[in-house]
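Start from chain R and add chain G according to the hints.
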Amino acid sequence: MRTAVDLKKFVREAAALLARERDLAAFEVYCSSSEHRVARLNYTSDIPSRGVEEFKSLNADGFALRLVMHRDPHETGSASEAGDLSLEAVRAAIRKARDATVIDPHFPGLPAEPRKLPPSKERAPASDLMRAKDAPIAAAAWATIAGAISAFESHAPLKLPHPGLVIGGDLSLIRDRIAIGSSAFTDIRGDESAHFVSSVTALVESLDAKGTATAAGASLAEMSRAGARLGRDAVTRALKLRHGERPPAGRYRVVLGPQPVAEIINYMVLGSLTTGAFYSATSAYHGRFGAPVIDARLSLTDDPLAHRGPVRRRVTCEGLPTGRTAMIRHGRLVGLLSNFYDSHRLLTDEHRAEKLGPDAGTAPSFPVRSGYRLGESPARRYDAHPGSTGTNVIMRTRGGVGDRELVEVVGDGIYIGRIWYTYPINGQRAGDFTCTVSGDSYLIRNGKIAAPLAPNCFRLNANIEQVFAKPLAVGKRSETAVVWGAPEAYFVPALALEGIELAQVGAADSD
Amino acid sequence: MASSDIFAAVDFLKREGEAALRRFVRTHRGAAYAEMRFEAMFHRSASANDGDQRDSAESEAAAFGVTVHFEHRGGVVGHGQTGAEIGRLALNRTRLLAALDAALGEAYARARFSAREKAAVLKHHGAAARSLMRAGAIAPSTARDEIAATFRRDPRTLDPDELKRLCRDASASIAGLGPDIAFNAVAALSELRQELFINTAGALISQACAFAQGDCYVVAQTADGHQESYDTIGQQRGFECLAEGWRDELMPNPDLPTFAIELARETRELAAAPALKPPAGEVVVVTNPHFNALVAHEIIGHPCEADRALKMEAAYAGRSWFLPSLEHNEIGRPVGSPLLWACSDPTLNGYGHYRYDHEGTAGRRVTHIEGGVFRGFLNSRATAAALGVEPNGSARASEAWHVPLIRMSNTFFMPGQSDPAQIIAEVDRGYYVCGHLIPSIAESRENFRISARRVYDIEHGRLGRLYRAGSVIADSKSFFSKIDAVGNDLRMVAIPNCGKGQPMQVKRMSNGGPTLRSRARMGGG
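These protein sequence lines are chains R and G, in that order.
Residues in the first sequence are numbered from 1 upward in steps of one, following my numbering.
Residues in the second sequence are numbered from 512 upward in steps of one, following my numbering.
Same shape as in the complex, but just chain R (with noise of 0.2 Å):
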């Protein structure tokens, strides 16, 4: 990667010569190097594997221009160029964004913020994963391999001929550094990031047996103790589940564990509470700003300086101070993420009543905090523009109960550890959402955990008011979830839900 001098060092050089060009009105230089580097766990006790099957990194450096025209302060042009941080590529990347330049009558301008941002925003973090090398990486994803052998022999009895033993998951170290100057600056402005996740499934394909373990961190330390832990827990709590029940289809109490209240937010939720998204119509929360939308025992905020959270940000992918956003403060929905162009496009928007709703009050305010450039991976990309994202998004209660007590509430039903493949059916703002109940759960009976549910057994159909707007119980503890793909990370808390319609997968062929 590059070094942050080098990424200011350069920012700093373009935009001199940025500033010489005399058709710009405006201008802005963004640059980032990141690395995403995986290690890919494939472990089949039965087929023939490689155990880590990917040990691999990805490196993308590069840099991005916009560029206003003096003609006309709606007239813009962006280009981005890989790899090169030389005067001629800025030089090539002018030509460029000055043939793609279009006149876009909603263009605000670029951000300004012309105070300089104090030291504190720009510290660099405490992270010994912006330095960590490949060893530790493979250290740590083959301890997670051996790990779950070594949980599996453990049980003795469950030496069986074909075990069908599968570890599957990843280990991926991601970090990023960018810098940012613009004709509105008055400063270079840097940022720097590195976090792991770790994802690790264990399937007993002879025993129907599905168990997950994840976790997520921001040091060298947590990430050696994800890889001697996840392969063991996983293993374990697959032969905790084996040989799980099917229960008959219909509509059960169920309690949702952190996983799929993470999984509804990140796919059925976050989208909705973006400037972009009431823009566009397209908010599962239309008509609602300012309103109750959830139960008033939860509160939902993204926040990329969070003590806990691995994802930490301090400067956007705009060059503006970051901050806590408060999306829905006990139950009402009061702030939205965005970037600047979106928050400008929603507050001139002529239909902007009709959209955020009459409780948004006359002057409604979308402060500019999210505005990151992300690609397919949670590192920051030269060449995508801002998108509105979130961080650490923590789902924060009031009135919250234990583990049990949610068990005891629901009395009889489901407790749902992990659903996969959340998607809106009917796009985002009809808020019906289907997926699978793919592992990690149980049969809850007389207010007890009383057997493993058999995994992949029930499609759960449902819309997001059945389980935010009025849950028979809240969880008290927000637990880390990770949601694959997302660039979130979500620590959230269980509910417990009334009449959740569950169908039974696989009905028909058993006919």
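By construction, these hints were calculated from the structure, which means they are not laboratory data.
Please note that the accuracy of each hint is not assured.
As the list claims (entries may be wrong) - Here are some of the chain R residues that sit facing chain G, going by a computed Cβ distance under 7 Å:
#1 Asn42
#2 Thr44
#3 Glu54
#4 Ser80
#5 Leu87
#6 Ala100
#7 Pro136
#8 Ala138
#9 Ser219
#10 Arg429
#11 Ala430
#12 Ser438
#13 Asn446
#14 Gly447
#15 Ala450
#16 Ala451
Said to hold, decoys possible - No farther apart than 30 Å at their CA atoms in a straight line, the calculated lysine-lysine pairs in the BS3-like style are these:
#17 Lys116/R with Lys9/R
#18 Lys470/R with Lys448/R
#19 Lys9/R with Lys133/R
#20 Lys1011/G with Lys133/R
#21 Lys476/R with Lys240/R
#22 Lys525/G with Lys470/R
#23 Lys133/R with Lys240/R
#24 Lys788/G with Lys988/G
#25 Lys240/R with Lys634/G
#26 Lys8/R with Lys133/R
#27 Lys9/R with Lys240/R
#28 Lys133/R with Lys634/G
Stated by the list, open to error - Computed Cβ-Cβ distance ranges for the label pairs, DEER-style:
#29 Lys634/G with Leu87/R: 28 to 36 Å
#30 Ala683/G with Asp359/R: 56 to 64 Å
#31 Ala791/G with Pro367/R: 43 to 51 Å
For each residue, glycine too, the CB sits at the ideal point set by N, CA and C.
Quick look at chain G alone, frame taken from chain R:
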């Protein structure tokens, strides 16, 4: 004309790449094999929202991915990869070779670390870890070939203003439909890619392709309801496919403005239609080619990927209902009606066309289902070895810096004999399901719920009322087994965004099928 200098790097590596790889393997103890995938790309795109220009971009990119195999004592093999986007650095031959050498060094170190750790696990766990020693692969490709791109209008010489205008005008015409259109976005791209595959076994394959793609997203709202619709047209051709349309029997498309306005009119009509309130239990469903494209994608294509079948995707996108285990699986067994045939064919002209995959294996037609009987998987060289079959050229990366995964090409249900109109006419009561929207599938793809853009009542052989928010819910084997009519109207559609892998790789391909009739439950909104 935009600079195309970055493509000269491909010619340079054709001359120098093999020697660089061989030199690396020769000078690094334990290095058993090395390969390089290099890609140069020119990309031009534009977008418009609500009739206003929103964005435009031109970029040239270059990237590579290298793989090294390290053989430890006792035959334990470790694998390491490095991928990097190097962009304009590829213009400088010295820096290009230096970057390649550094990446090989990184991949070698990873392979060595991994081999040592694997050896330690094997020593400690002995027989319990024996499957780690059995992983083999078919010998690397030695193919040498050169394939040119097909286009009439070169993406590199396309006037950027023409692309911007096309998007803006299409978006403006949608906005002009009236206040029921709450939002619209139209985007288009024209792209040229040249890929190079070189390995230390003697393979050297250069293949180029052009892409043209148009995307449209429309949100409509009326007093009665709300509808979000999106769709894509795409061809492995030049910009002519968007500006003029493309007349092809399998995968035709109208020009971008026509495509966009038709989608917008449909979206407006749907916003005024009632949401489907489905009956309990199974009903007759007639599904059209566009809907069946997503069924073919999710329920045939993905579970036919051998890496998924062999549990390598278990933690992410799941397993395969075709292969519960090597001992108990559906190979050679009926999984559907005798009327059901399905295959993947990268040799056809479609969005998933290619000649060689990213392991240097020639792509060929793979029959998945033959008269209702399951026949086989898409594979890589390693998974072909595990399954004891020939490799069929299906390992592909979305970009050169990514690791190849097993991916669909042009994957579809094959056509039957029936007239689609007659298939509907024979139904007393049922639903006609048109256009796909959103899928949700169970972990081995043994069950699905896929939402449709439009659903119509069928009563006494005639189409009736239109509904929005309808979806088909079924167990896969049951749905396939109950197919009692297959149309003669095969069509494929461009799928622009199939995600797989960690980190996610987004790949373009085609899926399709003819009209099908079966039985399933319907979901509503």
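Hint check: lysine 116/R vs lysine 9/R, CA-CA at most 30 Å. Holds or violated? 17 Å, holds
Would the hint on alanine 430/R stand, with a C-beta cut-off of 7 Å toward chain G? Alanine 430/R check passes; min Cβ-Cβ to chain G is 6 Å, inside 7 Å.
Decide if the proposed pair is consistent with the structure: lysine 1011/G and lysine 133/R, CA atoms, cutoff 30 Å inclusive. 26 Å, holds
Does lysine 133/R sit within 30 Å of lysine 9/R, going by the straight-line distance between their CA atoms? 25 Å, holds
Please verify that hint: serine 219/R, Cβ, nearest Cβ of chain G, below 7 Å or not. 21 Å, violated
Classify the hint on asparagine 42/R as holds or violated, based on whether any CB of chain G lies nearer than 7 Å to its CB. 5 Å, holds
CA of lysine 788/G to CA of lysine 988/G, is that 30 Å or under? 25 Å, holds
Once the shortest beta carbon distance from serine 438/R to chain G is found, is it less than 7 Å? 5 Å, holds
Look at the Cβ atoms of alanine 791/G and proline 367/R and judge whether their distance stays inside 43 to 51 Å. The hinted range 43 to 51 Å holds for alanine 791/G and proline 367/R, with Cβ atoms some 48 Å apart.
With a cut-off of 7 Å on the beta carbons, see whether serine 80/R makes it to chain G. Interface hint status for serine 80/R: holds (6 Å vs cutoff 7 Å).
Under the criterion that the straight-line Cα-Cα distance not exceed 30 Å, is the pair lysine 525/G, lysine 470/R satisfied? 64 Å, violated
Checking one constraint from the list: CA of lysine 9/R to CA of lysine 240/R, max 30 Å. Satisfied? With Cα atoms ~56 Å apart, lysine 9/R and lysine 240/R exceed 30 Å; violated.
Violated hints for the displayed structure, listed by number in ascending order: 5, 7, 9, 13, 14, 15, 16, 22, 23, 27, 29 and 30.
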